[in-house]
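Student: Residue-level listing of the chains:
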Amino acid sequence: MEKILFSAIKSGNNEVLFKIYKQYRNDFIRWAITNYKVSIEQAKLVYKEVLITFYEEINSGVLTACNCDIRTYLFQKARIKLVRMAKKEKSKANLQVSAPEYAKKPANLYLNQLSSTSKMVIQLFYINGMPMKEVAEAMGFRDATAAKKKRFECFHQLMELINMKQQHEEF
Amino acid sequence: MKNFNQKYFDEINAYHFDELAAEERTLFEAMLIINPDLSDEYERFKSVLTLIKEEQRAALLQSFKEEDKVLDKALLHLTLKSRLPIYFIIATIISIILLVFLLR
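Protein chains in written order, with the working numbering: chain U, 1 to 171; chain W, 1001 to 1104.
In isolation and in its complexed conformation, chain U is listed as follows (with noise of 0.2 Å):
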């Protein structure tokens, strides 16, 4: 089951990863709160974290497999976060919730401009970590050469968008 969940998010599928959010966010937030003393939005703050650092694990390939439930190692590498956050709830009255540095920054801005299969492609290799004869298959192209064509052409066309991004901000 759990590999199937694994191999799910490393072709993409987010829906998965989404699914496995809403399955266990408020059972965590309530374990949170009352386990280490928390906010709810420290809580949640830590939750999403943990979620999107499990989500690359997965696409990296430093995780393949769990020793125990998803839902237990999702708590697991919470707990030195939310160990870490209690401390400081300790030394200091009013701890501001600050969003990580990502947070801030607008989602899919230079991606979104993409062609649908530019991103397909950008997104598969370099965030799935998928390898180019495997995106050849999930995009219907000729071979990996073809694919790896491809991905060049995308990977050119969003440095234009950030150079272009760069040279509006400069004037």
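Please keep in mind that the hints were generated in silico from the structure rather than gathered at the bench.
Treat each hint with caution, since some may be false.
In silico lysine-lysine, PhoX-like type, Cα no more than 25 Å apart, as pairs [unchecked claim]: (1) K133(U) to K119(U); (2) K1053(W) to K165(U); (3) K19(U) to K1073(W); (4) K1053(W) to K149(U); (5) K77(U) to K88(U); (6) K37(U) to K22(U); (7) K88(U) to K119(U); (8) K1046(W) to K22(U); (9) K1007(W) to K81(U); (10) K1046(W) to K165(U); (11) K81(U) to K1065(W); (12) K1065(W) to K119(U); (13) K1007(W) to K119(U); (14) K1073(W) to K119(U); (15) K1053(W) to K19(U); (16) K149(U) to K1046(W); (17) K133(U) to K1007(W); (18) K1065(W) to K37(U); (19) K77(U) to K1007(W); (20) K37(U) to K1069(W); (21) K19(U) to K1065(W); (22) K1007(W) to K149(U); (23) K19(U) to K1069(W); (24) K22(U) to K1007(W); (25) K149(U) to K133(U); (26) K1069(W) to K22(U); (27) K81(U) to K37(U); (28) K1053(W) to K77(U); (29) K19(U) to K3(U); (30) K133(U) to K1046(W); (31) K119(U) to K1046(W); (32) K133(U) to K1053(W); (33) K1053(W) to K3(U); (34) K1046(W) to K37(U); (35) K88(U) to K37(U); (36) K1073(W) to K22(U); (37) K3(U) to K133(U).
So these bits of chain W aren't anywhere near chain U, every CB distance computed over 10 Å [said to hold, decoys possible]: (38) L1020; (39) E1024; (40) V1048.
Predicted model, so just to flag it, every value in this text is computed and none were measured.
The beta carbon of each residue, even a glycine, is placed where N, CA and C say it ideally should be.
Let chain U serve as the given structure and place chain W on it in line with the hints.
Tutor: Same frame as chain U, now just chain W:
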């Protein structure tokens, strides 16, 4: 992006994602030292990768926040439900105090 061609790009990808054999890797590292254009391209490549990852994180965060709207309602409901016994005890104590006060 003067000399940005697919050959360079494929080599950069292979190097970055550890797909090169030991000898090829050493050769590429030597090229990075002697070829400033390649070195610049590699730096740019890494910065674009960082941007892609940050965009993806921001997109996930946004999607999670959209899910939160529905989940927060359930959370509030459950929080209230879990506090019901406390409210019941408080109400009972207040009622007893009021009753004692009235009987006096």
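Student: Would you list, in rising numerical order, the hints stated earlier that this structure does not obey?
Tutor: 7, 8, 9, 14, 19, 24, 34 and 40
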